[in-house]
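2 protein chains.
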Amino acid sequence: MTSLEPFLRPRSVAVVGASTRTPLNVGGRAAAVLRKHSEIDVFVVSTSAPPGGADGAYPSLSALPAPPDLVVVAVPAPAAVAVVEEAAAVGARAALVFSAGFAEVGDDGAAAQARLSEIARETGLLISGPNTIGYLNAHDGIHATFFLQPDEPAPQPGPVALVSQSGGFAAYIDELARDAGVDLGWLVATGNEVDLTVTDVLAYLVERPEVTVLAGFSEAIRKPDQFVDVAVRAAELGKPFVFLKAGGSEAGQGAAMSHTASIAGSDQAFDAVCTQYGVQRADSLEQMLDWLKVLQTGRSLSGDRVALLTGSGGSGVLMADAAEEAGLVVAPTPAADRGRIEALIPSFGSAANPIDVTAQAVASGVGSYGEVLSTLLASDGFDAVAIGSGLRGASALHIADAVAAAYTASDKPLTLAFYSTNEQARRILVGGGVPTYADSARSLGALGALRRHRDRPPVTAPSPAPVDAGRAARGRELLASAAGRRTLTEFDSALLLELYGLPVSRQRLAASADQAAEVAAELRFPVAVKVVSMELPHKSDVGGVVLGVQDATGVADAGRQILEAVAANAPTAAVEGLLVQEMAPHGIELLCGLHRDPLFGAMVTVGIGGVLTEIHADVALRRCPVSEADALGAIRSLSGGRLTTSSRGLGVDQLAPLGAVLTGLSALAAELPEVAEIDLNPVIVSAAGPRIADALVVLSPAP
Amino acid sequence: MTSLEPFLRPRSVAVVGASTRTPLNVGGRAAAVLRKHSEIDVFVVSTSAPPGGADGAYPSLSALPAPPDLVVVAVPAPAAVAVVEEAAAVGARAALVFSAGFAEVGDDGAAAQARLSEIARETGLLISGPNTIGYLNAHDGIHATFFLQPDEPAPQPGPVALVSQSGGFAAYIDELARDAGVDLGWLVATGNEVDLTVTDVLAYLVERPEVTVLAGFSEAIRKPDQFVDVAVRAAELGKPFVFLKAGGSEAGQGAAMSHTASIAGSDQAFDAVCTQYGVQRADSLEQMLDWLKVLQTGRSLSGDRVALLTGSGGSGVLMADAAEEAGLVVAPTPAADRGRIEALIPSFGSAANPIDVTAQAVASGVGSYGEVLSTLLASDGFDAVAIGSGLRGASALHIADAVAAAYTASDKPLTLAFYSTNEQARRILVGGGVPTYADSARSLGALGALRRHRDRPPVTAPSPAPVDAGRAARGRELLASAAGRRTLTEFDSALLLELYGLPVSRQRLAASADQAAEVAAELRFPVAVKVVSMELPHKSDVGGVVLGVQDATGVADAGRQILEAVAANAPTAAVEGLLVQEMAPHGIELLCGLHRDPLFGAMVTVGIGGVLTEIHADVALRRCPVSEADALGAIRSLSGGRLTTSSRGLGVDQLAPLGAVLTGLSALAAELPEVAEIDLNPVIVSAAGPRIADALVVLSPAP
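One line per chain: the protein sequences are A and B, in this order.
When you line the first sequence up against our numbering, it's residues 246 to 948, in that order.
When you line the second sequence up against our numbering, it's residues 246 to 948, in that order.
Watch out, some of these pointers could steer you wrong.
Said to hold, decoys possible - Examples of chain B residues lying across from chain A (beta carbon under 8 Å, computed):
| id | residue |
| --- | --- |
| 1 | Y417 |
| 2 | A491 |
| 3 | L563 |
These are calculated hints, taken from the structure and not from any lab test.
Backbone N, C-alpha and C fix where the C-beta goes; we use that ideal spot for every residue, glycine too.
Work the whole structure out from these sequences, hints included.
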């Protein structure tokens, strides 16, 4: 990986376009902020500068005493390309282009943007932007941005690194994060991403020791492999990685594509990659900040038992609902702690969990509130504490102090739902590091993020199976039988799948109904009889399938019936014969599949199959290469987990053979890139294992 | 319905326990607030008052010049019962009991609480509480509560009426609602609900002309019929009704039952009742307030096309995601409006939807921002507008003013996601009535609430079918055949279901395997053969079922096989014979059922059936009596709507006969209360209509 040090931790910066006449223009502001908070060399380049570097400004980059690490480009778009060319020419290492007006404004802008790409490729200059607001690096005090005002205080170093493609949104995030108490040590925007992308920056930041939580926002993932690499590194280093991806809906995807002009993968594929590689995907900015607030504390959840502390019985019940929703357990208060708490609260309160100290105790009993909280934080019976509090009245500030103090004295996770508009009390809590929320559904949801981080899957780097060249060659011969068509016959599909160890039902080909009856004798009844035609991928729709045939006579009858139906329903289709196939024993009907996402590449699918596939719409995807653990994870996630936990569901012995179907598809995808899509539906899973009862292999269109 | 006028709109109030020595105790505060904001007669009763009503206070209720409409009881719990008795004795019409320390503290308190119930029943005195904080009635300026301070300004009249069982939570709600700009004209807490419940109060408020939006919060519904009545009235009057019910989870339900000591219905049943009767159920307080904010505007959504106005492309994409999630359509900007907007924004912005005016335009172009917004609000191409805005910089307040002005000048729904901590700008927006949110997922979600209100089901009052006494009598004869057992045989179950027009497969009883083969001749093959035994409700688990038998010989074989299997697996079970039953044609396997919820009573169920029922866990419930519309609504809701919209799903012709199964179960539930439960699984729906392939009828335990 190219180190991004010259871009994000430069020793010298030149700001081009920092007018000496209007010092608070975009460039002037950036230069002032860089000088104010860091000790690095900051040069100002301005065409309005007198020659010779007087007035503290230089007329051009080549006039500088030495090439700077980073050139900040704050000139209008039409002039920006020349500045970047000059930066490369003088030997600068990185360029940060604020200027807007590139690909987002049409053809001329797109051409200029393409030229920037070219410069990066040809010269090795790191280019960030254009159309970006730059970054804040609070650890080194280097803020290369125009959205901080020179008179604003320096952002404080914190454990969270957040990278946002959108510059405008990064500014929103910064403001809201600071208000919410999310401690951003790094905030980087990447804009139009002509060279450096969100994942390039994350790949650098994940290695930084001061960064313990990683977060990203993007409308598009341009480097899917790098996204996976970052996720793997974050998992290896135990750093939570939260991502907010916009464009999850059709409407959003349309908006994102027109806004970023990038390839869109399916949202389902992105979701699957997040699950597979332990990335927590947030649904909204608010949710992302909610999670970061508790993840940044570094506190870990050793078990799922949560104590709910409230001053209102009603709020306690809502909190219990939210706790269960977040996968937590509202465990009973241990007897000893219960006794201690009962002595501290009014008789009409409750020391059972939820612990209701009553509004009266909140209003008057400052000391006892803190004591109750400390008791819960110290209790062996709880792994976390969640508070719901209105903090009204005179004692509000004292209670906020008490909560902040008890929180600091403990290392147990705690979140607080603050049902109040007392801004002073909220400031005390947030300032004390207490993860504070406006609603208990959100405060408990945040503890859920801590639980998911603890229970993340064992993430390992994708490791493709070694390619079996002989097998690939044999597979390619079968593909050739398509003879220019996009689909294989079911018979050839079965032969191809068998090469990869996939359990296809035993079958025979026949040229006529009578021959079908003959070959059926080699199989075990009942059998299915199906038409063979490359032109009929959906055989049942034209009467091309008869199931459950019990004997040879039945096979001959079924064969005739099929040939008549197909002749009537699809008179132009070339029929190559009949397929006779053993019926799988009764079992659970699933589907397995393979397709190629435009962005993430080969993905395998497993789901509830059979005729009701579309109705259930219950599928899980995993990106290839798919490990056995990935495959089992996908299977276990189906039907909310019930497919493998229900008494009517899959048994433990049935999981590994089904997983092997998915890993087999993954191997096939790697060895035969010309296969575009495979649909196996149904895959019938019985005590005898999975059995593929119908298969369709689709080839990529010829180039 | 008893009018609650004396309680909620009294002409005179006596506050008992308003100490003349400590005027700011609970009672003193209530009296001061009542006097400050209303013109009604407010009497203070205090044992510490000098005799004869000097000092403005009276020593007892009987010393008052006339009986007050309402007595506010603000004395400690042990003294409260006597005060309420006295209130009834002097002829007061209502009592509001603030005192805590009743059922929530144990046996003594429960006895006192039971006595309050008794007084209400015996004397007709309306009693609210105990353990409540009272109410705010902003329309009449009558605030019978101790949680307002006498020096606080009077709450302003607004269109929302909110009733909360929990007093503590009501105080939170009040504070957060006012801050969020939810205009509560009524806020009533009901506490321990010894007499008046949340639904009693809602039933009164739904009729009030100044109330246009109804909201409730409760841990328990004590009067389920009244809840339905309120929902029906709200629907008839076109008033949105939002409810937040705590105790939706197992943990929450446990907490609610111990806190309110009330019967718990299942959360699924409550959810179904909300759906059936057009109540919007919120998941959290925050969500309830989010919805109220936009519902209170009275603006209606005439279509689903929403314009998304933002200053950041990234935020536009997130908004598009949220719009689609809320069921809205991100329609293209009409050409004429597009031209107008393009003239107002920088070239790197976008006039397509999402409309990105760019951060630059937000920062500098106040005038144009307002014009863009007005253009969208006036456009024929949009039914609503959603704004995402950071409002940074010097122009923030001007833009807030412009938004508020454009909003007021239009009657189109608009919501705003405010990505900023500029409290002054937020105040301008909220003060201008603009529904303002902290996140776009929430602002678009709120427009979704408007859409659901528009698309609510056609709610009508529950109308039970007339009881058919003859049919009930015949049904009862069949039930008698259970002879003390809890289940009917499948044969008797089928006869019972046929009485109610339910489509059971044709069937015959046989005493032996050979006789089974004989009676099978009267049926159409294939058939199922099943053991008949009242002791074996789950026949397949003991080998008591063979399906798909093709001929008479097969029936005899199957019969023998079943009898052997049952003898081996359940040797003590009394076997009454064999049942031979026509197999239903292939089709979609559903389940239908009936059970009795402890709170809501008889409920019918429809869902995805067959062996994978538990895995799919896809069912819909409706409360009895179930109308045809209710039944169809339940069927249409299955599998996210796909059961009836997918090409593999149910056809239009199949819906009414399936609906009739549900209405038939509803009629049975009404006529035969001794039936506790019915499970029909699978109900196979083919082109021939629904066919019940297996039925289990369970009776209530003998009293």
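Structure-inconsistent hints, enumerated in ascending order
Result: no hint breaks.
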